[in-house]
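Novice: Now for the letters of each chain:
Number of protein chains: 2
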Amino acid sequence: MILGIDPGIANLGWGVVSTGSGRLHCEAYGHMKTKADAPVESRIQELAGLCNDLFTTYPIDQMSIEDIYYFQNKSSAITVAKVIGALYYVASLQQVAVTTYSPLQIKTTITGFGRAEKLQIQEMVRVLLGLPSIPRPDHAADALAIAICHYTQREGKERLGIYD
Amino acid sequence: MILGIDPGIANLGWGVVSTGSGRLHCEAYGHMKTKADAPVESRIQELAGLCNDLFTTYPIDQMSIEDIYYFQNKSSAITVAKVIGALYYVASLQQVAVTTYSPLQIKTTITGFGRAEKLQIQEMVRVLLGLPSIPRPDHAADALAIAICHYTQREGKERLGIYD
Chain A
954 MILGIDPGIA
964 NLGWGVVSTG
974 SGRLHCEAYG
984 HMKTKADAPV
994 ESRIQELAGL
1004 CNDLFTTYPI
1014 DQMSIEDIYY
1024 FQNKSSAITV
1034 AKVIGALYYV
1044 ASLQQVAVTT
1054 YSPLQIKTTI
1064 TGFGRAEKLQ
1074 IQEMVRVLLG
1084 LPSIPRPDHA
1094 ADALAIAICH
1104 YTQREGKERL
1114 GIYD
Chain B
954 MILGIDPGIA
964 NLGWGVVSTG
974 SGRLHCEAYG
984 HMKTKADAPV
994 ESRIQELAGL
1004 CNDLFTTYPI
1014 DQMSIEDIYY
1024 FQNKSSAITV
1034 AKVIGALYYV
1044 ASLQQVAVTT
1054 YSPLQIKTTI
1064 TGFGRAEKLQ
1074 IQEMVRVLLG
1084 LPSIPRPDHA
1094 ADALAIAICH
1104 YTQREGKERL
1114 GIYD
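One line per chain: the protein sequences are A and B, in this order.
Residue 954 is where the first sequence starts when you use this note's numbering, and the numbers rise one by one after that.
Residue 954 is where the second sequence starts when you use this note's numbering, and the numbers rise one by one after that.
Heads up, some of the hints might be wrong.
Heads up, the list lumps identical chains together, so a pair's fine if it works in one copy or across two of them.
[What the hints assert, rightly or not] Computed list of lysine-lysine pairs in DSS-like fashion (alpha-carbon distance at most 30 Å, straight line):
(1) 1071 x 988
(2) 986 x 1027
(3) 1071 x 986
(4) 988 x 1027
No lab work stands behind these hints, which were simulated from the structure alone.
When you get a sec, could you build the whole thing from the sequences and use the hints?
Specialist: Written as structure tokens, this is what we have:
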């Protein structure tokens, strides 16, 4: 199973996708929130601990995280980067491979189009996972997109059957 | 004991300072290197694992890390922030409090002067810890400065006896 993570400090989206028999299946998704008035250090520790807990519930063997490339707000980018770093260590403790993807890689992999809108990606997530509606909140849908991106990058796009 | 960390991806400085009987004592210091051709994820995991190992050697009960505030190179700042985040999680697993200080806080705390030169800070580290020479490499001296900064912030500057 692949754990996809949309990293953030106030809201972190996660999604678990299984890939048995060459088909994608949505196992679970959700999001984690931390309190704005807590110190950044403890918010990051809390998020990493909660992500670590996911490994006790799901037999996750791969982790993929959206990276930060381009940003306007230095301070929030630094904070999100810290979240990502903490998750690298979670992966290492769980002896699970972790891969980081840029937003452009995720968009391009899922929709074949680097300038796709957020809603287009979310609709592709819904279709690829055979869900009745787009997962909510957005962070969870994004996390599932990141998990699908990882699967596709690893297995090749033809496995998804979306470029027929 | 306080573990001070000067975070970096290619070179991470560390220093352990004990504070028994109100005096600062240098227990150990050093630096860790990672290979430039390894993936960032595994370099960060390696550094976090090595820092975690320090807890088995020294009875560290506090951790302090230099933060990133101002930077020119976005990419390297993001990478160093990831290292810091991974260390937050190390601290959490070791049930040790972690505090992050800005470069300005560290300079001001140690020398009383925010525009102090690097060498002035290192010389203060040498004097405060009663060492025969400035610790080398620079990253290790900086890490000891960060540990001293934490002690001073917590205990009050008068404990160092440097403002008599």
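Novice: Please go over all the hints and tell whether each is borne out by the structure.
Specialist: Results for each hint:
1. 1071 x 988: within (26 Å within a copy, 37 Å between copies)
2. 986 x 1027: both (21 Å within a copy, 27 Å between copies)
3. 1071 x 986: within (21 Å within a copy, 40 Å between copies)
4. 988 x 1027: The answer is both: 20 Å in one copy and 27 Å across copies each meet 30 Å.
Consistency note: the structure conflicts with none of the earlier hints.
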